[in-house]
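K.L.:
What follows is the residue order along each chain.
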Amino acid sequence: MIIIKFLRFFFGYVQFTAYGGFPERFLNLCARNNIPLWSVSCTNGVLTAKTLARRYKKLRPIARKSGVRIKAGDRAGLPFILHRYRKRVGIAVGLVLFASVIFVLSLFVWTIEVRGNVTTETSEILSALSELGLYPGAPCNSFDPEMLKNEALLKLPSLSWLAITTKGSSVIIEVRERVIAPEIIPLDKPCNIKAIKSGQIILMEVYEGQPMVKKGDAVSEGSLLVSGVVSDTQGRSLLKHSRAKIIAQTTRVITVEQPYATVITEPTGNTIDRRSISFFGFEIPLYLSPPPEGKFDISSIEKPLEVFGAKLPISIKIKRYDEMSEIKQALSQDEAAALAESAVLAQEKIDLSGIKVIKRTPTVVKGEKSCTVTVEYICEENIGLEEEILLE
Amino acid sequence: MARNRTKTEDDVPKKSAKQKLASVLEVPFAALNDCPHIELFGNLELTIDGCRGILEYEDDSIRLNLGKNALRVTGRNLSLKALTDQTAVIEGYILLLEFLS
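If you're matching them up, the sequences are chains A and B in order. If you want my numbering, it's the 1-based position in the first sequence plus 47. If you want my numbering, it's the 1-based position in the second sequence plus 125.
It is possible that part of the hints are untrue.
What the hints assert, rightly or not - The calculated BS3-like cross-link candidates involving lysine-lysine, where the alpha carbons are at most 27 Å apart (straight line), are: (1) LYS196(A) <-> LYS358(A); (2) LYS206(B) <-> LYS112(A); (3) LYS97(A) <-> LYS206(B); (4) LYS262(A) <-> LYS406(A); (5) LYS118(A) <-> LYS193(B); (6) LYS118(A) <-> LYS241(A); (7) LYS52(A) <-> LYS193(B); (8) LYS214(A) <-> LYS241(A); (9) LYS104(A) <-> LYS193(B); (10) LYS112(A) <-> LYS145(B); (11) LYS403(A) <-> LYS416(A); (12) LYS241(A) <-> LYS262(A); (13) LYS105(A) <-> LYS206(B); (14) LYS403(A) <-> LYS244(A).
Please keep in mind that the hints were generated in silico from the structure rather than gathered at the bench.
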C-alpha cells in the first residue's frame, strides 16, 4: 500500500544481510521484539531483509543471540537524504521562505471573477466592488461577504441578486440582473388612451372606456382616443381604466445628407506598443519614453498570466498606439448616394423596429455639395398610449 | 468384549466443548477459538495470523509454528514479505501447504 511505502520512506530503512548462525531464531527474535522486517529472502543460507533505520541498532544483540552476523547494505529514505544535505542551509531557508510566501500570499485576494452578467458590464460591477473594498490585493479578511453583498446591490440597481463566494484566494461573484418591468398602470387606476402619433385610424377595438374617435378618423399626436370617464344609464360619471387596441396608418420620414467632400481617417500601419506589468493593482511600466505625439488611435489589451487554467493576479498590459492619417476624399454623386442609402437603412432598423411598413418611397436629391436621400414610410402601428387620470 | 481400542489416524476427532457451544449459540467457531487464520491469494501470497514463529526458512520451503501444529509451505522463490509477532506474509510461487502435527 502506498501509505506504508510512504511511511517507510519517511522514517528511512536499511537493507541488511545476515549469514551464519540460526536465521530462523534470528527472525523469531526480531518478531518478538517488535522489529518489523520485510522483503525477507533466504538464498544459500544468506538472509536478506529490510528494516526501519531506527530499529537497526536493536538487531545487533538479537544477532549475537542467534549467532548470525549482520551487515548493513543500502540505506534509503528521508532521514538519509536530509543527512546528506545537512550542510546546505540554503535549501532549508528556501523552503521556509517558500512556505512563508505561499502563506502570506494566500491571505490576499488574487482574482475576482464575475459570472451571470449579460447587459451589465463586468467593469462596472468590479468598480462598484472596488469602492466597497473588494479588489485584487485586498486582504481576505478585510470584507464581510454578507455586508458587501447588500451594499453592492444598493450600488448596482441593475442587479437583483448577488452572491460572493471565496475559494482560497479567488473570489467568485455571481449575479442575476434585474428584469425591469414595463410601466403598467394598475387596472384599478382610471386612465385615458391618447395618440402617440398622428395618423388615420384603420382598426379600433375598445375593450373598456368611452371611444372618442372612430375608424377612418384622422387623429393628431396627443389627441384623446378613448376616455376613461364613462357615463352610465343614470347619467353618473364613472372612472374606468380604458383598454383598447388602436391601429393607425402613420407616415414616417428618414432623411440623410451625405456631402461629397469628406475627410476620413485611416491607419498608416505604424504601431507602437507600450507594455507594463500589473499585479495586485500596481502597474509598473516597462518603458521609459513618453507617449508618442501625433494622431493615434489608442487601444488597451490586458493579458493575465495563467497557470493550469487558473488566472494569476499578474497581467501584462499592452497599450497600442495605431498611427492615423487624415485623407481628404472626394466622393462621386453615386458614391455619396450609396453611402446615404446605407445610412438610411441603418436608421430604419432602429426607428422602425417592430413597426409594419406598408410602403417605402425613397427620394434622392443630388445637390452641388451633397446628396440627400429622403425615404417616406407609410406604416401601420398601435398609436394608443395609456395615460392615468390624476384625481385630486 | 474389548471396549478399549487405540486411536488410529482414520478416527475423526470429537467436537470440542467450544465447537459445541459455538453450534448452540450459532456463532462462527473462529469467534470462540484462537486458532490461526490463514488466507491464500491464488498461489502467490499466503497470510497467516496467529503464527508463533519460524521453524525453518529455505528458498523453497518455509515451516511455521502455529502452536498446536506446524505448517510447511513448499514452493519456489519463497520470501517473507512481512513478519511480526503474530503475522507472517509469504509470497512466491506456492506449490504445497502441509499441516504437520
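K.L.:
For the pair we were handed, LYS262(A) and LYS406(A), check the Cα-Cα distance against 27 Å.
P.N.:
21 Å, holds
K.L.:
Checking one constraint from the list: CA of LYS118(A) to CA of LYS241(A), max 27 Å. Satisfied?
P.N.:
109 Å, violated
K.L.:
Is the straight-line distance between the alpha-carbon of LYS214(A) and that of LYS241(A) 27 Å or less?
P.N.:
56 Å, violated
K.L.:
Decide if the proposed pair is consistent with the structure: LYS105(A) and LYS206(B), CA atoms, cutoff 27 Å inclusive.
P.N.:
20 Å, holds
K.L.:
Within 27 Å, alpha carbon to alpha carbon, are LYS118(A) and LYS193(B)?
P.N.:
Not OK: LYS118(A) and LYS193(B) at ~35 Å, beyond 27 Å, violated.
K.L.:
Would the hint linking LYS403(A) and LYS244(A) be met if the CA-CA limit is 27 Å?
P.N.:
15 Å, holds
K.L.:
Is the hinted pair LYS97(A) and LYS206(B) satisfied, with a Cα-Cα distance of at most 27 Å?
P.N.:
10 Å, holds
K.L.:
Given the hinted pair LYS241(A) and LYS262(A), is their alpha-carbon gap at most 27 Å?
P.N.:
Given that 27 Å is the threshold and the Cα spacing comes to 15 Å, the pair holds.
K.L.:
Does LYS112(A) lie within 27 Å of LYS206(B) when you go C-alpha to C-alpha?
P.N.:
24 Å, holds
K.L.:
Holds or violated: are the alpha carbons of LYS52(A) and LYS193(B) at most 27 Å from each other?
P.N.:
35 Å, violated
K.L.:
Quickly compare the C-alpha distance for LYS112(A) and LYS145(B) to 27 Å and report which way the hint goes.
P.N.:
44 Å, violated
K.L.:
Verify the proposed pairing of LYS196(A) with LYS358(A), using a straight-line Cα cut of 27 Å.
P.N.:
With Cα atoms ~23 Å apart, LYS196(A) and LYS358(A) stay inside 27 Å; holds.
In this structure, the hints that do not hold are numbers 5, 6, 7, 8, 9, 10 and 11, in rising order.
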